[in-house]
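For reference, the chains in residue letters:
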Amino acid sequence: MGRVLICAEHDGERLNLSTAKCVSCANSFANDGIDIAVLSENGGAIASEASAIDGVSKVLHIDSNDNGAPLAAIWAPQIAALATDYSHVFGPSTTFGKDLMPRVAALLGTGQLSDIMSTTDGRVFQRPIYAGNAIVTVDASACSIIVATVRTASYVAAEEGGNATIEHRATEAEIPSHTRYVELKGDTGGGRPDLQTAARVVSGGRALGSEDNFKLIYDLADRIDAAVGASRAAVDSGYVANDLQVGQTGKIIAPDLYIAIGISGAIQHLTGIKDAGTIVAINKDSEAPIFEVADFGLVADLFDAVPDLIARLGR
Amino acid sequence: MVCLKRVVDYNVRVRVKPDGSGLALDGVKMAINPFDEIALEEALRIRERDGAEEIVAVSIGSTDCQQQLRTGLAMGADRALLIETDSDLEPLAVARTLKALVDREQPDLVIMGKQAIDGDNNQTGQMLASLWDRPQATFTSELTIDGEVATATREVDAGLEVIEFDLPAVVTTDLRLNEPRYVKLPDIMKAKKKPLDVIAIDEITDDTAPMFAVTNVAPPAERAKGIIVDDTVALVAALNDKGLI
Ligand SMILES: Cc1cc2nc3c(=O)[nH]c(=O)nc-3n(C[C@H](O)[C@H](O)[C@H](O)COP(=O)(O)OP(=O)(O)OC[C@H]3O[C@@H](n4cnc5c(N)ncnc54)[C@H](O)[C@@H]3O)c2cc1C
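Protein chains in written order, with my numbering: chain Z, 6 to 320; chain B, 256 to 500.
Next up, chain Z with everything else stripped away, as it sits in the complex (with noise of 0.2 angstroms):
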């Protein structure tokens, strides 16, 4: 066994959590050592936020103009550039990782596991398909390098407490001009907590029926200090934008509580929150597919529910 190099995710500012979540599938199998390529323009507090990550040996640091966004083209010339040195190259399952890590592999000529949920040896890894459907075990010895995603909802990140040393690296690699970062139209949420990563999640989906009702589950969240999230007929219907939207083709989440309005319960959907502690469920269909998946569900029309429920939980 080898080293484990993780790209770290971050928005120019802070490291995402998701980087510490591929520590902890790293620290879950023997290997040589676990080390984190930090890109970024300016960006030393982010490696030193890196190198306090528990289990973390070195920070390789390429602090350069051309890192400012974390554009693919423009980074996996650069992890593939250090990866020769490990035999494992992680990054979190995020639009960030999904983005990159398959561009780093072709470039070192080897295949891509994505969103790996475990693995015993670090050789063979469980990874879903179908919209998690099914769960296929994967052996990866034949590659020289594995290069991977890490489904971070498989993980819990992993602690701070760590010492390592931070070597700053120069570009070794020809970086490609044809790419170029415009802008990032982000919502800053309402200074609620982040999607990914919240404890408690209340979702709404088409039936809320408008932008102006969704206010309601806004409402809820607020009063559990829970993160917004949405189905993609809530996102497509123009309720809410398409950072929220929770899935096989969203966000994959694992709160502590689920809370889900107005939602049929797709398989596509529910393949984002199967690994929720708790999935509560309000619909007016008793016979939705939420409910087969619900810890508690309530059959009640939401415009009902939710109000009573907001006063109840009143602050």
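A couple of the hints might just be wrong.
[Claimed, not checked] Per the computed footprint, the stretches of chain Z lying under chain B, defined by three or more beta-carbons under 8 angstroms from a beta-carbon of chain B, are:
hint	segment
1	30 to 43
2	250 to 257
[To be verified] Calculated pairs, DMTMM-like style, for lysine to aspartate or glutamate (alpha carbon to alpha carbon, straight line, at most 20 angstroms):
hint	chain 1	residue 1	chain 2	residue 2
3	B	Lys497	Z	Asp126
4	B	Lys448	B	Asp319
5	Z	Lys279	B	Glu477
6	B	Lys480	Z	Asp280
7	B	Lys497	Z	Asp280
Calculated from the structure, these hints are not laboratory results. A virtual CB, placed ideally from N, CA and C, is assigned to each residue, including glycine.
Could you slot chain B with the ligand onto chain Z? The hints should help.
Here is chain B with the ligand on its own, set in the frame of chain Z:
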């Protein structure tokens, strides 16, 4: 160039075979991967909006993929290519095959779905762009083309990221890029006359050996059966009991 993968229809709930050898897929309904259908629709719109000389639909797989290619032709692709193989190729092998095709066909744009809903890998577009040494715009929900330069809005975890890139390039589609058109009967008739070439994969590449071995396929862990509560009072009590609120 648009890539169309033949997959199990998204409405089918697939079942795992009891012996763990794979999935019970005999006789299930097959369809174009929904994300690829969006990719083809986008190509058609680009042609209608900005002009495109030709739209080539490509599928890699068994002879049955001709059904999906015919649907693609009926939607409006000009010609189709089936790269025939009976092996279930890994994403890198698909990307290598597509790279060989790109060298032959010299497209200005390759569009495909961000993932196929069977393997859920989300890799092929990125790998093709990497092997081709060209830009990639993954998870695209808006695409504009202005001469040799394109602008894509990408659905990322933090919101919407806008990037600009030079053509040729690879674009992978997200759900909200467009709503694919329905195929009309006369189009199906017309599609029968459009060219669909079948080429054996070894004529394109010999670099498709698998790197991974699937050793088991299992159903996911089931959640314990829950309960139906009578009203919000009972719900709040239950959540309080578990210390969740
Ligand atoms: C390739 C692909 C990928 C997809 N990816 C995703 C994904 O990532 N995430 C996702 O969520 N979906 C995804 N989908 C879509 C998915 O198949 C469903 O269409 C979608 O999840 C439905 O959203 P919904 O439950 O809000 O709407 P609906 O299915 O319309 O359900 C609305 C529910 O609200 C209930 N209801 C109506 N009125 C009330 C009321 N007054 N009070 C209480 N209940 C009420 C109804 O009984 C119903 O159960 C995907 C689909 C495809 C094809």
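Item to check | chain B over the segment 250 to 257 of chain Z, status - at least 3 residues with CB closer than 8 angstroms | outcome: holds (count 3)
Checklist entry - Are the Cα atoms of Lys448/B and Asp319/B separated by 20 angstroms or less? => result holds (18 angstroms)
Next on the checklist: Is the listed coverage of the segment 30 to 43 of chain Z by chain B valid when you require three or more residues with a beta carbon under 8 angstroms from a beta carbon of that chain?
Outcome noted: Since 0 is below three, the answer is violated.
Next on the checklist: Next pair to validate is Lys497/B with Asp126/Z; report whether the Cα-Cα distance is within 20 angstroms.
Outcome noted: violated (35 angstroms)
Checklist entry - Within a Cα-Cα threshold of 20 angstroms, do Lys480/B and Asp280/Z meet the stated pairing? => result holds (15 angstroms)
Next on the checklist: With the threshold set at 20 angstroms, check whether the alpha-carbon distance from Lys497/B to Asp280/Z stays at or below it.
Outcome noted: holds (17 angstroms)
Item to check | Given pair status - Glu477/B, Lys279/Z, alpha carbons within 20 angstroms | outcome: holds (9 angstroms)
Figure legend: structure checked against the earlier numbered hints; hints not met, in rising order: 1, 3.
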